[in-house]
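Colleague: Sequence:
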Amino acid sequence: MAKENLLKKSIFATMFQLGKTIVSEEILEKDFVCNLSACKGACCIAGDAGAPLEEAETHILEDLYPKIKPYLRKEGIEAIEKQGTSIIGEDGEYETPLIDGADCAYVTFDKKGTALCGIEEAYNQGDINWKKPVSCHLYPVRTQDYTEFSSVNYHHWYICDDACTLGKELQVPVYKFVKEALIRKFGEDWYAELEKIAEKLNKQKA
Numbered sequence: 001m002a003k004e005n006l007l008k009k010s011i012f013a014t015m016f017q018l019g020k021t022i023v024s025e026e027i028l029e030k031d032f033v034c035n036l037s038a039c040k041g042a043c044c045i046a047g048d049a050g051a052p053l054e055e056a057e058t059h060i061l062e063d064l065y066p067k068i069k070p071y072l073r074k075e076g077i078e079a080i081e082k083q084g085t086s087i088i089g090e091d092g093e094y095e096t097p098l099i100d101g102a103d104c105a106y107v108t109f110d111k112k113g114t115a116l117c118g119i120e121e122a123y124n125q126g127d128i129n130w131k132k133p134v135s136c137h138l139y140p141v142r143t144q145d146y147t148e149f150s151s152v153n154y155h156h157w158y159i160c161d162d163a164c165t166l167g168k169e170l171q172v173p174v175y176k177f178v179k180e181a182l183i184r185k186f187g188e189d190w191y192a193e194l195e196k197i198a199e200k201l202n203k204q205k206a
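Residue numbers for the sequence shown follow the UniProt record's numbering, beginning at 1 and rising by one.
For the record, the hints were derived by calculation from the structure and aren't laboratory data. Take these hints with a grain of salt, some might be off.
[Said to hold, decoys possible] In the DSS-like style, the derived pairs of lysine-lysine whose C-alpha atoms are separated by at most 27 Å in a straight line are:
(1) K176 with K196
(2) K200 with K179
(3) K168 with K205
(4) K179 with K131
(5) K112 with K168
(6) K168 with K200
(7) K111 with K131
(8) K40 with K131
(9) K30 with K67
(10) K112 with K40
(11) K205 with K40
[Said to hold, decoys possible] Derived Cβ-Cβ restraints for the label pairs, each shown as a range:
(12) E193 with E90: 30 to 38 Å
(13) K74 with M15: 41 to 49 Å
(14) A13 with K82: 18 to 26 Å
A virtual CB, placed ideally from N, CA and C, is assigned to each residue, including glycine.
Let the sequences and hints guide you as you build the complete structure.
Modeller: The following block contains the structure:
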């Protein structure tokens with residue numbers, strides 16, 4: 001999941017506090033379901049930087065790389081073995097390395113040309129017990145950790161327009177689409193409280 005700073009829209013949304021997080025109401029209001037048949041996994045190959053990583057994830061990637069390597073392309077392996085399993089980006093944050101400044105080094109492609117995650121492929125085959133970086137798992141939700149709190153925002157990117165359309169058709173709000181990832185990041189109790197807030201907002205709009 002690339003960091004696509006130059007491609008995102010600037011959106012100002014209403015925020016609310018939930019525990020030690022500040023959350024955008026957009027994750028409750030917007031609909032989203034990934035439509036891989038339409039976008040071909042463009043979020044993994046577009047943008048100007050790699051997928052954001054937490055510091056702990058850099059160590060996980062380093063440890064698991066030998067088991068992930070068989071699922072990667074030759075170009076990805078070369079990029080990782082030249083740059084490392086993770087790098088520090090221009091913003092000073094950890095991220096995944098890229099192949100020639102474009103594709104995430106961990107990206108593979110199926111026979112239809114759809115981008116897949118080599119890390120997740122290793123997970124799906126039972127070779128590792130770590131699905132993928134939490135930033136990828138959370139998308140289109142973006143989080144930022146600060147000293148006293150974490151922000152939780154909905155990220156707008158035109159390459160995901162088909163996902164927004166499909167989400168509306170299926171009536172799946174963002175927070176439900178990324179339920180597993182939000183629980184992974186913030187816990188079951190946090191998500192249960194988020195559901196209560198969503199229900200309250202829906203009643204207010206009814």
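Colleague: Each of the hints needs a verdict: does it hold here or not?
Modeller: These are the hints, each one checked on the structure:
no., hint, in the structure
1, K176 with K196, "13 Å, holds"
2, K200 with K179, "18 Å, holds"
3, K168 with K205, "17 Å, holds"
4, K179 with K131, "15 Å, holds"
5, K112 with K168, "26 Å, holds"
6, K168 with K200, "20 Å, holds"
7, K111 with K131, "22 Å, holds"
8, K40 with K131, "20 Å, holds"
9, K30 with K67, "37 Å, violated"
10, K112 with K40, "9 Å, holds"
11, K205 with K40, "35 Å, violated"
12, E193 with E90: 30 to 38 Å, "36 Å, holds"
13, K74 with M15: 41 to 49 Å, "44 Å, holds"
14, A13 with K82: 18 to 26 Å, "40 Å, violated"
Hint check: violations occur at hints 9, 11, 14; the rest are consistent with the structure.
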